[in-house]
Structure formats: C-alpha cells, structure tokens
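Q: Reassemble the complex: the two chains are provided individually, in unrelated frames, and hints are given to aid placement.
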Amino acid sequence: AQSVTQPDIHITVSEGASLELRCNYSYGATPYLFWYVQSPGQGLQLLLKYFSGDTLVQGIKGFEAEFKRSQSSFNLRKPSVHWSDAAEYFCALLIGNMLTFGGGTRLMVKP
Amino acid sequence: DAGVTQSPTHLIKTRGQQVTLRCSPKSGHDTVSWYQQALGQGPQFIFQYYEEEERQRGNFPDRFSGHQFPNYSSELNVNALLLGDSALYLCASRIRDSLYNEQFFGPGTRLTVL
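Residue numbers (my numbering), protein chains in the order written: chain A, 49 to 159; chain B, 9 to 122.
Just chain B, same shape as in the assembly (with noise of 0.2 Å):
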C-alpha cells in the first residue's frame, strides 16, 4: 500500500516564475492538505481540499491554489514566485469522516527560487 506521493521531489525556479506540485493520497483517503516548510520552521498550514472544493485555507496569498482531481490527487499552484516562496512543501491525506483519523505526510517538495 503506496503511502502519500508528492513530485517532484526537488526544483529550482527563478523569482516571477510559475510552479505546479502534484500529490497523490494514501489508497482510501479523500481529504489533502498543503503544508509550507520554510527551513529551519515548523510546517504552515497552506489549504485543504475535499470533494474537489477548498474546505478551508490558512494566511497565504492568492498567489497560492489548488486543485483537487476526482481521484483525489491534488496539484498546489504557486504564481510570480518570490524567494521568500522558497521551502518544502509536504502534502498530508486522511480520510474525511473523522478529525480523529490519523493525516499522514507525504516526503515534501522542496521548492527552490532564485
């Protein structure tokens, strides 16, 4: 059983440049979160998403979106990247029914911006 896949694993873009990241979910899971880690930070709540709508978002900018596929599988969208845009960024699933249920982390992006 696959856990949560995040690609690509590393990048590199120049400041005004766009960026695409993909997840894909643990089998059985419906509900993907972003997470932003600056180094050396704790992770930063980006959005979540559930039946392909934006459930909830945290403080980023409308520079930040994203997309929820119908098999679940997310894209996280970054436009006129700015250095400060430079972090890994971890992509978490669970299943939606119960906050009780454990959100297990994929390996993370790490977003490089020159």
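Chain A on its own, in the form it takes in the complex (with noise of 0.2 Å):
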C-alpha cells in the first residue's frame, strides 16, 4: 500500500544549527513529492516538490530536499535554522489526485 512516514514526531534545534527532516515513502511507481509546511492557524504551504530529474531540489526559504530511489527517501534539508521556520512539517505523496501526506514532523528553534 502506499505510504508516507515521517520517523521524527518533533525536533529540536538551535537557530543557525542545521536541519534534516525524514520522510520515506512505499510507493510501486514514479513518486511524486512534496514538502508542505504548516504555521499555527495558517493552511499549508509548499515548500518544495521533486516529479522527475535532479535529486537534489531547491525550495523556498532556503529548504532544500534530496530524493534517493534506492532508499524510498525524501529528506528536507537546510543549513541554517531561523526561529521564524518554527512550525509542522508534513512531507507528500502525490497519487492521481490525491495528496498522501505524512503524520508530520514538529520543529522547534531554540533561541
């Protein structure tokens, strides 16, 4: 069955640290995937997506995320934390129309 999981329920860090962020997912087929990012009483909003091509992509905010087909992964990187990236992070899975989404990863930025 196809699946998004995300191993971390919540991190930690201290700004100007970096970030990685887990996503692995189950799926037979080409993946198609997602990064979205949650503020408190805000929708979601995307960060990033990778459908074919370079592994290695570039989002907003200085996120970044690599794809590795041999490890069903799909990590969220950035170098240097802001306290304002503070927030839920849910990783996706796009299958036909419909968006599998992650249990989400909560980020806390230490002063």
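Quick caveat, the hints were computed from the structure, so don't treat them as lab data. Keep in mind that a hint or two might mislead.
Stated by the list, open to error - Some but not every residue of chain B turned toward chain A, in silico, with C-beta under 10 Å:
1) G48
2) Q49
3) Y58
Stated by the list, open to error - Derived lysine to any residue pairs resembling SDA-like cross-links, with alpha carbons at most 20 Å apart:
4) A/K158 to A/G110
5) A/K97 to A/S121
6) A/K158 to A/A135
7) A/K97 to A/T78
8) A/K97 to B/E110
9) A/K109 to B/E110
10) A/K158 to A/D56
11) A/K158 to A/S132
12) A/K97 to B/R104
13) A/K158 to A/D133
14) A/K158 to A/E63
15) B/K21 to B/L122
16) A/K158 to A/A65
17) A/K109 to A/S132
18) A/K97 to B/Q52
19) A/K97 to A/G144
20) A/K97 to B/I103
21) A/K97 to B/F112
22) A/K158 to A/V85
23) A/K109 to B/F112
24) A/K116 to A/L96
No residue lacks a Cβ here, since even glycine has one placed at the ideal position from N, Cα and C.
A: Below you can see the structure in the form of structure tokens.
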C-alpha cells in the first residue's frame, strides 16, 4: 500500500544550526513528492516538489530536499535554521489526484 | 489576488447534527480538493471536484458529501456528525490541466463536535 512515514514527531534545533527532516515513502511507481509547512492557524504552504530529473530540489525559504530512490527517502534540509522556521512540516506523495501525507514533524527552534 | 478562502473559521456542533463548510478557490483555479486533518495528524484526502463532478474520493463514508458550483466554489457537507469528525478541514485548489500545478491550501475550518 502507498504510504508516507515521517519517523520524527518532534525535533528541536538551535537557531543557526542545520536541519534535516526525514521522510520515507512506499510506492510502486515513480513518486511525485512534496514538502509542505504549516504554521499555527494557517493552511499548508508548499516548500518544494520533486517530479523527476535532478534528485536535489531547491525550494523556498532556503530549504532543499534530496530524493533517494534506493532508500525510498525524500529528506528535507536547511543549512541554518531561523526562529521563524518553527512550524509543522509535512511530506506528501501524489497518487492520481490525491495527496497522501505523512504524520508530520513539529520543529521547535531554541534561541 | 485572493488565495483560497474558507468559511466559517470555527464551528461547534453536537453529535447527530449536519454541517456545511464552504471554500472559494484561488482565482483562475477550477479544481477543488477537501482534506480532513485530525489533531496531531497529517491531512487525509476526502474528495476532489472538477467540472461540478466528484472526480476522486478517499476512504471516507457517504456521510461526507460535496458539491461544486459553476463559479468553482465548493461545499463540504457532513451528516450525522460523530465526535471523531472533530478536525481541521482544509480546502485546496489548483488548475486542472496538469498535476504539476501547485495545490494552494486555505486556512481551514476548525470543526468541534460535542
């Protein structure tokens, strides 16, 4: 069955430190993958997407993600975290017209 | 250019009641999807509407129904509310002609069932 797993429910990093959020997927065909961010009281905002081609994808707000087919992973990274990055992050897989989301990772940023 | 708008922002209902949530897509968008996000979980796909027809449906019972109007706005109806229907309901819109087009999400309607 198709699924998305985000192993880390909560992550805390210090401001200025690097960040990596993990995402694993299960899907038999070529995956279309996304990372979204959700701040309190707001909807989901798209950070980046992977459809094909270059496995390192650049997104907004300084985020990037690397697609690794052999590991069925699509991890999100940022070299230096800002306090404003504190939010919930969701990885998602597009199947037909439907986005299948992981359970999310809540990022907290220490000053 | 207004983004995706949803109304109401918050709603409180009791078990057994019916509720209607509304969504206006982003300008130029003609495809609307609805998602349910329970507390502490990722969103789950309910269904998608295009050309006033339900095009794809997730694993939700028939108590969940929808409608799309000629101006592309959409409604989500939930009958016989259960406590477990308490969630944030998100609407997303995109241009239909390509799956590569970004889906834009609204801020959601927070439904509480008592």
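Q: Hint by hint, work out which the structure violates, then give me just those numbers in ascending order.
A: none
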